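Here's the letter readout for the chains.
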Amino acid sequence: QQKVQQSPESLTVSEGAMASLNCTFSDRSSDNFRWYRQHSGKGLEVLVSIFSDGEKEEGSFTAHLNRASLHVFLHIREPQPSDSALYLCAVSIPTGGNNKLTFGQGTVLSVIP
Amino acid sequence: EAAVTQSPRNKVAVTGGKVTLSCNQTNNHNNMYWYRQDTGHGLRLIHYSYGAGSTEKGDIPDGYKASRPSQENFSLILELATPSQTSVYFCASGDRDFYAEQFFGPGTRLTVL
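First to last, the protein sequences are chains U and H. The numbering used here numbers the first residue of the first sequence as 2 and each following residue consecutively. The numbering used here numbers the first residue of the second sequence as 254 and each following residue consecutively.
Extracted from the complex, chain U is given alone in its bound form (with noise of 0.2 Å):
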């Protein structure tokens, strides 16, 4: 069964320093990873979706997928105190037609001005 992990749990960064999230995976064939971002006692809001080796930009986020090493990198420009967030990866493997996500637990990310 696919196991996805992050690193670190917890991250605090500085006002406008890069911030940069790790996202491990164990299953080769995973074609589908997301990032996305949950304000405290919000919904889920997807940041960038990758399904590549490469990189993908949205904006001041940028995915970086390698999946020879399992790894899915999210890295934040310029943080703001409101990126101050828990972010999430979330990563599927192909099944027919659906999207059957699996979840890392998170990375809460504090942006301190």
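By construction, these hints were calculated from the structure, which means they are not laboratory data. These numbers were taken from a predicted model, which means no experiment stands behind them. Honestly, I wouldn't trust all of these hints.
Computed cross-link-like contacts, DSS-like style, restricted to lysine-lysine with a CA-CA straight-line distance of at most 25 Å [as the list claims (entries may be wrong)]:
(1) Lys310(H) / Lys4(U)
(2) Lys271(H) / Lys310(H)
(3) Lys310(H) / Lys101(U)
(4) Lys318(H) / Lys271(H)
(5) Lys4(U) / Lys101(U)
(6) Lys310(H) / Lys264(H)
(7) Lys318(H) / Lys264(H)
(8) Lys101(U) / Lys57(U)
(9) Lys4(U) / Lys271(H)
(10) Lys101(U) / Lys43(U)
(11) Lys264(H) / Lys4(U)
(12) Lys4(U) / Lys57(U)
With chain U's structure known, arrange chain H on it following the hints.
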């Protein structure tokens, strides 16, 4: 605007009681999903559906039933609630495509005493 709504937003139930969580989507999506979120576990898939009349077991279905009476509505049913089912529950909808985005509702906080 397309949306996923959940009701109730907060629920307190007693052990052994029956609980029904409801989800409605105006996205006209075929697929719908129920997840629970617990600290340290990220989100875990309970049940999902491909369309009206269909329900499938996810990764942690024990103690839960699901019902999809229409394209728009998907319910999660706890016939005999237990304290271990205290959690935050999220509903999501998505197109029937492996790479389709999932859109999440705001969540329901359930406490079982």
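Hint check:
Restraint check for Lys310(H) and Lys4(U): satisfied, since their Cα atoms lie roughly 18 Å apart, inside the 25 Å limit. With a C-alpha separation of about 20 Å, the suggested pair Lys271(H) and Lys310(H) falls inside the 25 Å cut-off, and the hint holds. A hinted pair counts as satisfied when its Cα atoms are at most 25 Å apart, and Lys310(H) with Lys101(U) qualifies at roughly 11 Å. Distance hint between Lys318(H) and Lys271(H) is fulfilled; the C-alpha atoms sit about 11 Å from each other, no more than 25 Å.
Restraint check: the Cα-Cα separation between Lys4(U) and Lys101(U) comes to about 13 Å, which is no more than 25 Å; the hinted pair holds. Our distance criterion of 25 Å between C-alpha atoms is met by Lys310(H) and Lys264(H), whose separation comes to about 24 Å. Using a Cα cut-off of 25 Å, the hinted pair Lys318(H) and Lys264(H) holds, with the two alpha carbons roughly 18 Å apart. A C-alpha spacing of about 22 Å is found between Lys101(U) and Lys57(U), which places the hinted pair at or below 25 Å, so the restraint holds.
Pair hint Lys4(U) plus Lys271(H) does not hold up; C-alpha atoms about 32 Å apart against a cutoff of 25 Å. Straight-line distance between C-alpha atoms of Lys101(U) and Lys43(U) comes to about 22 Å, which keeps the hinted pair within the 25 Å bound. The suggested pairing of Lys264(H) with Lys4(U) is violated, with an alpha-carbon distance near 31 Å, which exceeds 25 Å. A hinted pair counts as satisfied when its Cα atoms are at most 25 Å apart, and Lys4(U) with Lys57(U) qualifies at roughly 23 Å.
In summary, the structure is inconsistent with hints 9, 11 from the numbered list given earlier, while agreeing with the others.
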